[in-house]
Each structure stands twice: as structure tokens, then as C-alpha cells.
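**Q** In order, the protein sequence lines correspond to chains S and R.
Each residue of the first sequence is one higher than the one before, counting from 5 in our numbering.
Each residue of the second sequence is one higher than the one before, counting from 33 in our numbering.
Hints in this document: simulated from the structure, not taken from any laboratory.
Just so you know, these numbers come straight off a predicted model, no measurement behind them.
Incorrect hints may have been included.
Here are some, though not all, of the chain S residues that point toward chain R, as calculated from beta-carbon distances under 8 Å [said to hold, decoys possible]:
{"id": "1", "residue": "A202"}
{"id": "2", "residue": "R282"}
{"id": "3", "residue": "A284"}
FRET-style restraints, in silico, Cβ to Cβ [as the list claims (entries may be wrong)]:
{"id": "4", "chain 1": "R", "residue 1": "G96", "chain 2": "S", "residue 2": "L266", "range": "29 to 35 Å"}
{"id": "5", "chain 1": "R", "residue 1": "L149", "chain 2": "S", "residue 2": "T257", "range": "32 to 38 Å"}
{"id": "6", "chain 1": "S", "residue 1": "R254", "chain 2": "R", "residue 2": "R72", "range": "47 to 53 Å"}
{"id": "7", "chain 1": "S", "residue 1": "G275", "chain 2": "R", "residue 2": "E67", "range": "52 to 58 Å"}
{"id": "8", "chain 1": "S", "residue 1": "D32", "chain 2": "R", "residue 2": "V146", "range": "50 to 56 Å"}
{"id": "9", "chain 1": "R", "residue 1": "G96", "chain 2": "S", "residue 2": "P93", "range": "53 to 59 Å"}
{"id": "10", "chain 1": "R", "residue 1": "E143", "chain 2": "S", "residue 2": "I168", "range": "54 to 60 Å"}
For glycine and all other residues, C-beta sits at the position ideal for the given N, C-alpha and C.
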Amino acid sequence: MNSIVQLDHVTRSFGSKLALNDVSLKVDQGTVLGLVGENGSGKTTILKHVLGLLKPNTGTVSVFGMDPARQPVPVLAQIGYLSEEDILPGWMRGYELQRYMQGFYPTWDQEYADQLAKEFRLDLYAKLSTLSKGQRARAGLMAALAYRPPLIVLDEPSSGLDPIVRHDILSVIVRTIAEEGRTVILSSHHLAEVDRLADNVALVKNGEIALYDALDTLKEEHITCTLVYEKANFSMPIFKGLVSISGSGREWTALSKGTPELLREEAERLGARVIDQRSASLDEIFVGYSRPTHGASR
Amino acid sequence: MQLHITTNDGVPIYLQIVNQVKYLVASGRLSPGDEMPPIRVLAEQLVVNPNTVARAYRELEVSGVVEKRRTAGTYISEAGSPLARGEQVRILSDRIDSLLSEAHQLGFSDEEIVDLLRRRSAVLVSPSDPTLEEDPS
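Just chain S, same shape as in the assembly (with noise of 0.2 Å):
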């Protein structure tokens, strides 16, 4: 497949503090990628480097074959980004805003512009400070994605917003991918938002990505289990696969990594029963992930 987004072997630090280390990823025309991650785990500086706005000290950054930091006004032409914080400038109203935008993007289309503040019932006439977060969110949403770029990036989109505003924002980007050829990625704390679009996931942790798979994949090929003794335990059990665990005595709960026969005989080699085994959400993925049992083996 034809890849938009290519990081290769990206390092980078601020000072004495390393932001980034060997992080490549890969995104494939009309796929979307899901970025999760905790706080200051470095999504926003991944991201950074994909626009351009940041170079890495080590590696490479190829968006549409360019490199973003070097070619940034080609490469800026074909992103549509929207972040959580507010960039839009409040004193224009919202028709200006769209003129303002068109200048810049000779692909703004304005049937679509239209279509869209219809639909999200947006006052055109409005200064955009006197819009609701919501409605400002809309706004730049629209401002995102009239030019109809074909790589879109969210920085955290619907961060803050009401479930209304976010199923908008959701039902809007389904649509824009539905449309042939639209690449994603889609930086979120949403788990969910993240399970209903992506096809891949990378989860970013301390700067590295920590796990990254096609998101269908990462769901069969984890579970989600409880083990029982017979008589209480006071010791962590420890098995291959393992990804954490936790509990105390008799029950302990555990996210693993592998297949079920797997799991079955690490649980008798252990004296343990496995009880209630299904496989893994997201979510549990991404918290055994993010706080690993120590001397888990992988």
C-alpha cells in the first residue's frame, strides 16, 4: 500500500530531556491511525513532526514523500488539522474566517464549507469569541476539512467537549473517510472514539511506542482473564505472556498476551484455574500497557 505518513527511527530531545526515542510508524493511504497514550507521553510531539513544526535530531519524517520540516508550505497544503486548543482568531466571524482560509488553500471548496456550517448549525455572522466551545470546535472543524485535504490530523479533538459536539465531530470524519482515499490519524484519550475509527493503534509511552498493531489484531491476540487458586496465593503469579496483573489471594485479574492454549497451560503449570476469559478491549490493553506488572516477561 501507498504510505502517506512515514516516520523512521525519529529521536528527539528538548534540552536534557528525551521527548522522543526511535519512534517510526507508518500510516497507508485511506487508513486511519490511532495515537493513545497518557499525558506529556509525547502524541503532541509525534504529531509536531508530521506538520513540520519540529525536526527530529535523529531519523526521518516523509509526509506525501516530502520532508514536512524542509518542504513545509507543500506538505501543509495537503493537511488538515484540527488541535484541542483553541487557535482560531476570535475577532473574525465565521464567513471571514472562511475567505481568510480560501486564500490560503487554492483547493477550499466552498459548496462543502457551506455544507458543513449548515449542518453544524454555525452563525457565520458570529464573532467566533462569542461562539460556545462547541461551536468553536465546529468552526475549526470546518476550516479543517473544507480544502478537503487528504491527510487529516486531531490533536486530541473532542478533549473537553460535550458528547453531542464529539458524535459531530466522529460522524464527520467517517464520512470524510468514506470518501476514496482519505488518510487519518487521530491523536485521543476517547478510547473509544479511538476503538470506532481506527485500523491501526500505536500507544506512545515515555517517548517510545510501546505497542503498535492493527487494532483488530491487538484485540484477538490479547485477553483478559482471571485466574483462581484453590488456596490463596500471596505471591504475584508470573507466566509467559503476562502483561499485568492484578489482585490479591485466591482471584487475581490479568491481561495476557497470546493465545488461549497458552494462557490455559501457564495457568496449570501455576496450579491456577482460568475463569471468566475473553479477549482484551482497548481499554484493558491500553492500562495493562501502561502500567506493566514488573518482571512481566513479553
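Chain R: place on chain S using the hints.
**A** Quick look at chain R alone, frame taken from chain S:
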């Protein structure tokens, strides 16, 4: 066509769509010849990635539940019945599994469960017969 997507458990979304469509066919709520919504329409309705819906449709086509027609569009296939039977068995097996685990938890033997099943079935067939409602103990 009403489908419900949950992100609370680890069942991949494409599989939730596949299972629910199979269920709707097996339970007769979707009939042979019914048209499936276009991929992008269903994706927007469920607010899920269109690639995921496309994967679900591919799986449904491979397993013979739906068929693509030359005139475009995806339809519930005519030859759905033998497969639907297998699906019906699967749905029932799931229910029976949860019944069995609860019954075993409560200390019922398999013989007692079968016995109780027969009694309940008789009650459902002729609910007016009061002798069948008697407590077996």
C-alpha cells in the same frame, strides 16, 4: 437494520457487525433478498470506520450470508438457510452455556437440568395445565 456497537469488551467491531447480521438473519428479522445498507451509510450510522464495515461485509459474503449483485448493492442471500441453521445452533449454544454455568453454580446436576427443561417446555406448550406448574420437590 438496527445494530449496536459496543467498545466495552474486546470483540472486534467488524465481528460484532458480522455476528449481529447473522443473528438477524437466523431470527428472521432479515430475509433473503433484503438489501443491506451501503458501507458508508452503515459506517455513518454506527459511527465506525468504513474500512471496518467493508471488512464485515467481506466476511459475510465469504460465509454466504450476503451476496453482491451485479446491479450494485449487497443483499441477504437466498441460500442462507442451511448456514442459518448452524448459526441458530450457535446462538442457542451460547444461551445453554450460560444456563449450564449458572445451574452448576447452584448445584444442579445435568439430569436435573434436563428434567427441569422438559417441565418448563411442557408449561410453555400448555400453560393452562396446573399440574405441570407443581414444584418438583
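**Q** Compare the structure with each hint and give your call.
**A** Status of each hint after checking the structure:
{"no.": "1", "hint": "A202", "result": "7 Å, holds"}
{"no.": "2", "hint": "R282", "result": "6 Å, holds"}
{"no.": "3", "hint": "A284", "result": "5 Å, holds"}
{"no.": "4", "hint": "R/G96 x S/L266: 29 to 35 Å", "result": "33 Å, holds"}
{"no.": "5", "hint": "R/L149 x S/T257: 32 to 38 Å", "result": "34 Å, holds"}
{"no.": "6", "hint": "S/R254 x R/R72: 47 to 53 Å", "result": "50 Å, holds"}
{"no.": "7", "hint": "S/G275 x R/E67: 52 to 58 Å", "result": "55 Å, holds"}
{"no.": "8", "hint": "S/D32 x R/V146: 50 to 56 Å", "result": "54 Å, holds"}
{"no.": "9", "hint": "R/G96 x S/P93: 53 to 59 Å", "result": "57 Å, holds"}
{"no.": "10", "hint": "R/E143 x S/I168: 54 to 60 Å", "result": "55 Å, holds"}
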